[in-house]
Amino acid sequence: MPRVYITGLGFVTCIGNDAATVAGNLRALRHGIELFPPFQKPEIMCKVAGTIKGFFTDSVDPEDWTFPSTYAIKRETIRSMAPHGLFAHCAFLQAVADARLGEGDISNRGTGLFAASGGSPMLTYFHHDRLHKLGPARSSPLGIVASIVGTLNFNLVAAFRIQGASCGFSSACASSAHAIAYAFEEISLGRQKRMFVVGGEDGNRDAILPFAGMRTLSLQTDPELASRPFDVARDGFVGTGGGGVVVLESEEEVARRGVAPYCELVGWGQASDGYNVAISHPDGAGSRLAMENALAAARIAPGEVDYVNAHATSTLIGDISEARALEAVFGGSGARPAISSTKALTGHGLSLAGVMEVAFCALAMREGFTPGSAHISKLDPACEGLNILRSTRPAAPRVVLKNSSGFGGANVALLLRAT
Amino acid sequence: MSDSAQSNVTSSKPFPLASKPFAPDDEAALREALKRCSPSTFEAAVQFRKTGNADHMPAVVIGVIERFVEPDLRAKLKDADDDLRLIEDLGIDSLTMMEIVILVEDVLQLTINNDELRNLRTVGDVKTFIDCKIRGLPLPRPTKFLPIEHIGAVMPVQPPFLFLNEASVSSTGANGKYRITGQEFFLQGHFKDNPVMPASIMLEALGQLAVLFLLEGAPLEPGKAIGANTIYFTGCEGVRAHRMCKPGDILTLSIKPKRMKIPLATFEGAIRVGQEKAVIAEDITLTFAYVESAVAPAMINGALQPMPESDSSSTPPLRVAFNA
Numbered sequence: 001m002p003r004v005y006i007t008g009l010g011f012v013t014c015i016g017n018d019a020a021t022v023a024g025n026l027r028a029l030r031h032g033i034e035l036f037p038p039f040q041k042p043e044i045m046c047k048v049a050g051t052i053k054g055f056f057t058d059s060v061d062p063e064d065w066t067f068p069s070t071y072a073i074k075r076e077t078i079r080s081m082a083p084h085g086l087f088a089h090c091a092f093l094q095a096v097a098d099a100r101l102g103e104g105d106i107s108n109r110g111t112g113l114f115a116a117s118g119g120s121p122m123l124t125y126f127h128h129d130r131l132h133k134l135g136p137a138r139s140s141p142l143g144i145v146a147s148i149v150g151t152l153n154f155n156l157v158a159a160f161r162i163q164g165a166s167c168g169f170s171s172a173c174a175s176s177a178h179a180i181a182y183a184f185e186e187i188s189l190g191r192q193k194r195m196f197v198v199g200g201e202d203g204n205r206d207a208i209l210p211f212a213g214m215r216t217l218s219l220q221t222d223p224e225l226a227s228r229p230f231d232v233a234r235d236g237f238v239g240t241g242g243g244g245v246v247v248l249e250s251e252e253e254v255a256r257r258g259v260a261p262y263c264e265l266v267g268w269g270q271a272s273d274g275y276n277v278a279i280s281h282p283d284g285a286g287s288r289l290a291m292e293n294a295l296a297a298a299r300i301a302p303g304e305v306d307y308v309n310a311h312a313t314s315t316l317i318g319d320i321s322e323a324r325a326l327e328a329v330f331g332g333s334g335a336r337p338a339i340s341s342t343k344a345l346t347g348h349g350l351s352l353a354g355v356m357e358v359a360f361c362a363l364a365m366r367e368g369f370t371p372g373s374a375h376i377s378k379l380d381p382a383c384e385g386l387n388i389l390r391s392t393r394p395a396a397p398r399v400v401l402k403n404s405s406g407f408g409g410a411n412v413a414l415l416l417r418a419t
Numbered sequence: 001m002s003d004s005a006q007s008n009v010t011s012s013k014p015f016p017l018a019s020k021p022f023a024p025d026d027e028a029a030l031r032e033a034l035k036r037c038s039p040s041t042f043e044a045a046v047q048f049r050k051t052g053n054a055d056h057m058p059a060v061v062i063g064v065i066e067r068f069v070e071p072d073l074r075a076k077l078k079d080a081d082d083d084l085r086l087i088e089d090l091g092i093d094s095l096t097m098m099e100i101v102i103l104v105e106d107v108l109q110l111t112i113n114n115d116e117l118r119n120l121r122t123v124g125d126v127k128t129f130i131d132c133k134i135r136g137l138p139l140p141r142p143t144k145f146l147p148i149e150h151i152g153a154v155m156p157v158q159p160p161f162l163f164l165n166e167a168s169v170s171s172t173g174a175n176g177k178y179r180i181t182g183q184e185f186f187l188q189g190h191f192k193d194n195p196v197m198p199a200s201i202m203l204e205a206l207g208q209l210a211v212l213f214l215l216e217g218a219p220l221e222p223g224k225a226i227g228a229n230t231i232y233f234t235g236c237e238g239v240r241a242h243r244m245c246k247p248g249d250i251l252t253l254s255i256k257p258k259r260m261k262i263p264l265a266t267f268e269g270a271i272r273v274g275q276e277k278a279v280i281a282e283d284i285t286l287t288f289a290y291v292e293s294a295v296a297p298a299m300i301n302g303a304l305q306p307m308p309e310s311d312s313s314s315t316p317p318l319r320v321a322f323n324a
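So the protein lines, in turn, are chains A and B.
The opening residue of the first sequence carries number 1 in my numbering; numbering runs sequentially from there.
The opening residue of the second sequence carries number 1 in my numbering; numbering runs sequentially from there.
No lab work stands behind these hints: they were computed from the structure.
Keep in mind that the hints are not guaranteed to be accurate.
Below, in silico cross-link-like pairs of lysine to any residue (SDA-like), each with a Cα-Cα straight-line distance of 20 Å or less [stated by the list, open to error]:
| id | chain 1 | residue 1 | chain 2 | residue 2 |
| --- | --- | --- | --- | --- |
| 1 | A | Lys133 | B | Ala29 |
| 2 | A | Lys133 | B | Asp106 |
| 3 | B | Lys35 | A | Phe56 |
| 4 | B | Lys76 | A | Glu76 |
| 5 | A | Lys74 | B | Arg74 |
In this text the structure is predicted, and so the values were computed from the model without any measurement.
One chain only, chain B, in its complex shape (with noise of 0.2 Å):
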């Protein structure tokens, strides 16, 4: 990962705060840069600038995105969580991520390297990303979008008992999706001329995502992949089902980790089916094992690299490409 690792230590210096204090020159000249912007946007720059307190910083970011989208995509970005895409969702082109990048520069006092905007494909990677930078913290691994030719190759579960159709694993979790065919085996039987996906595979699928994330995420010690064929279901808390889901529902699906120590992995799960609440599952958690590092398949040390070029089949994440 030398590409990665390199971009990761130039872009991991401390935020030179309080270099200078903030002058009224500075607050006039943070009014014009953010006049397109909301009040708040600005006044959230101001206090960030004033104190340093990251705090500030995600509303500065959500402030200069909101700038730039087009007026009738902004109400997606107001009750927006951290998986809104920045290309498929908020239509924002890589000469608008760019124009967001200097105007985000300019009124945080930071510097972007075109190398760190590749990996940032959703709001939350943005959040992710300046926050790292402002506290002098190592970026986070950039999240990968994997297409089901590699879930399939990665997971111990397999068709037909595999109910991801495309995932994207980051630092943070991994969310995913999966579409109710009506050709699933088990709506035969449940129910009788009326399929409804069944509470106990949703929660089995939100399983399988927290199994990738073992597989595909930040290894959880250095050196050490987990065993594809060492992780077990054990137990499950606070679960609860708010909607019905039958053929043609698309799931979105996304898990967090809450605690991970050897040999039990405990995660938060939720699925939507579009703006809709599903399923809750406040507690699920694995059992899982360390393979010999000596003789790790290499499928595990191919995961532990920055995602290839193979990748190609999902959306790029950033083009800076001109036709100049």
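Isolated chain A (complex conformation) (with noise of 0.2 Å):
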């Protein structure tokens, strides 16, 4: 069986626009979270969120939206866009980069691409209120692929002409590592050599005000203090969008290409509350199942497991149920892995948060240290028998286990191992 591994990073993200700014940012805990201009209304609880800086894309018509002039785009290539569209596609050429990918390595038959986005509400209600409004004759021939879940890879496969697998992933935040983990099949199982994986939200008022319906939005006004997984005084999460890209590819193609990887992705696992549509389960039963799934799948025992990456997002319920969870799985063995989030310092990316922080992880990886749990004054008491790094440690992880749990109670764990 083909092994896996992480060749390429881009990042279009609240923390950081290209991977040495964003290890930066990671190593010393710097957060992006901003008061967001458009919740700075009475009638809007929520005031804060994870900011994507140097990009300008409110406007629903792309043609407006402006962007870092190291990214050219041509009318007929953004014409067709959500605001995530474009972060992805800047971090998709940041990864090809980064991978020294040659244009041939990109349209190929054994070159894929998975995506995973929640659309764009921006845009889909633009286009909906235009069509109630004038008719739809007069609804613009591209709102569709510009705006429904599934933009994300219409726009790149078509942009970057790839010739492989390509399709979405909707499993809300659980999609991208959803997309990590089957573009792992498909190179495993032999049928590509390489996979782009893509994660992507708007991140704006539309993609994250609707949760606020669910009270599960931090209304802290201080970005400080607002997103702090594992903290007792955690009231909820903030939002973020961005851009993520991991390129995955096999073994062979690594030492054909002579590439240094950042790591490998050894194995996945994956399970489901069968709970509720939005609760986690009290105790993390569909994760800690994904976990053991994981570990079972890729041979590691828990012990071997040095960090892990939460899920947590600052929410009431959802840390506990993930604490409860990792208690399980490594209790018994008595492995203490360090566990941080880094949700602490993005907020939320939701379908991006997947392919984001398994980015965070690799560049953790090449870089040298473990980043840490930021923002906790007072940690939660149900978390005490956990290893939570509060602080940066200045060490790379061996392995590391991913967790991203999304709506429905779905859950993926992915490992990765330094090469």
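Since each chain sits alone in its own frame, please combine them into the complex, following the hints.
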């Protein structure tokens, strides 16, 4: 079975739009959360978001958008994009350069692309509003491909002339972890030699605020305190958007191209809570089973894991549920892997989260550090049995477990190992 | 021609101009809609909306098309003739065509049906189409693109004396292409060791395109078809040759009817090679006669129909197809 490696990363995130900036902020635990201008209205109770800097995508017309001049995108390419399509397109270009891929390495039968995003609520609303007001004949011909779930894979596959497997994944906040997992399968089954895995979210008013209806957003007005997974005073998650790309390649392809991978993607597991449409299982049953499945599939003992990048989003129920699952997986063997949630720095990237956080882990492994869990002033007593890393440790983890969970109780666990 | 006749009827309703006066609000909306077009496009649109004068229409349509064409291709549009093709020359795909249509509809306040779009292949087609819609005239017959097999089947002239490789016939004229191969029998002697396409043959090629227009264009009189074997050359005037044409050159031929009244049809014609003028003929006159309609051959009846689907060998004009 061919082994699978991570060879390239791309970032447009609230903590940086390039690998060096992201690595610096992760290591120093500098967050990317700000008071978000569209939220500063009396009727909007939530005030902060993880903001993307250097991009202006508030307009429903992509030709109004501005972005760093290092990226040149033609009208015919950008016209069908959602804001997160632009973020991901830029992250994709970074990942291509980072993995040292030539043009011929991207567009061929052996290279595919899996993507995950929640679609673009802003553009969906705009196009439907136009449809209702002006009738179908005046609807934009590109409204659908710019806004529905799948917009990310449609646009990227066309823009980069992808010829191999392509698919979109929709399991809410587990989506891009699922995308990585199935991209791993494509390569380990020998169907593809290289897969791009892309996540994206608009991270704007229309993407974040619907969660306020569920009362899951933090109402903190202080950006320093808003996202604090595992802290006893946490009060909900902070929304963010952006684009993240991970390049996966087969062992053979890594050898042929002579590139040094970030790490190996060793295996993965998944399981479902079978419990509630939106609330996590109180004991983290699905998350626990997902982790156990991943460890079994990768033939890694719990004691070998030295870092867990948790899903923990800073919600009251979710963090505890994951803590209990971690307790169940690692407690029995006496293993005490370091645990942190980088969502303390970024907020929750929803469909983007999985791929973004896998990329953070890969970056930390190469750069030689283990990021801490920021913003904890008083640890939730329910997490006391866990080794929650409160500050960055200046050593790279050898084996990393990455958790992701989504609505409906979908849970994915991915395992990375240093090469 | 049930389908196209139907759409002609439904779409040739006069444009309801001046149904409401052009208000400052409308001007603001127009400015917003045309914000990525040239200022002259906006001015022309304002004038059109205020006066309903169709003379302003071409500037609006060209301005809108220009806005959707990639910047490096816009130069082509600047000095374009009406034969400039939307797909092949300007890189406009069917989705971009829809974007153009929606903006034109919005700015000129008219409605264009999908089936009407399929026949718009050139800038000239678009201009003529919008002009007809605005003036409430019947829509022109769509441009017919004729591959060599079709040309060979209808023309009284045959190889080695047929000088058309492909042609298109619209309501306003015909265009054709001929590539000088160097194998033409007369080039052996014209001239010795120096093959140059004779000007008389180039005139002949224009005459052949005019014959094709008579046979494949709209009928001159309803129900009457021109007999392929009744068409002969009678005269020409104002002929000038500007450029020598040699093997490898691709002649781009065009003719437009000037006067048509049985038994005479007069055309103006021109040949270009690339952007260079090669031959101009101010008048080429042919005689023709009708065939008895009762015994009209099937082929000529067929020619009165819209091009059948067998036209698929040429590029489809507009495929509004989504992989949805």
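Do the hints match the structure? See the list:
1. Lys133(A) with Ala29(B): 15 Å, holds
2. Lys133(A) with Asp106(B): 14 Å, holds
3. Lys35(B) with Phe56(A): 19 Å, holds
4. Lys76(B) with Glu76(A): Holds, because 18 Å separates the two Cα atoms, which is no more than 20 Å.
5. Lys74(A) with Arg74(B): Distance of about 14 Å is within 20 Å: holds.
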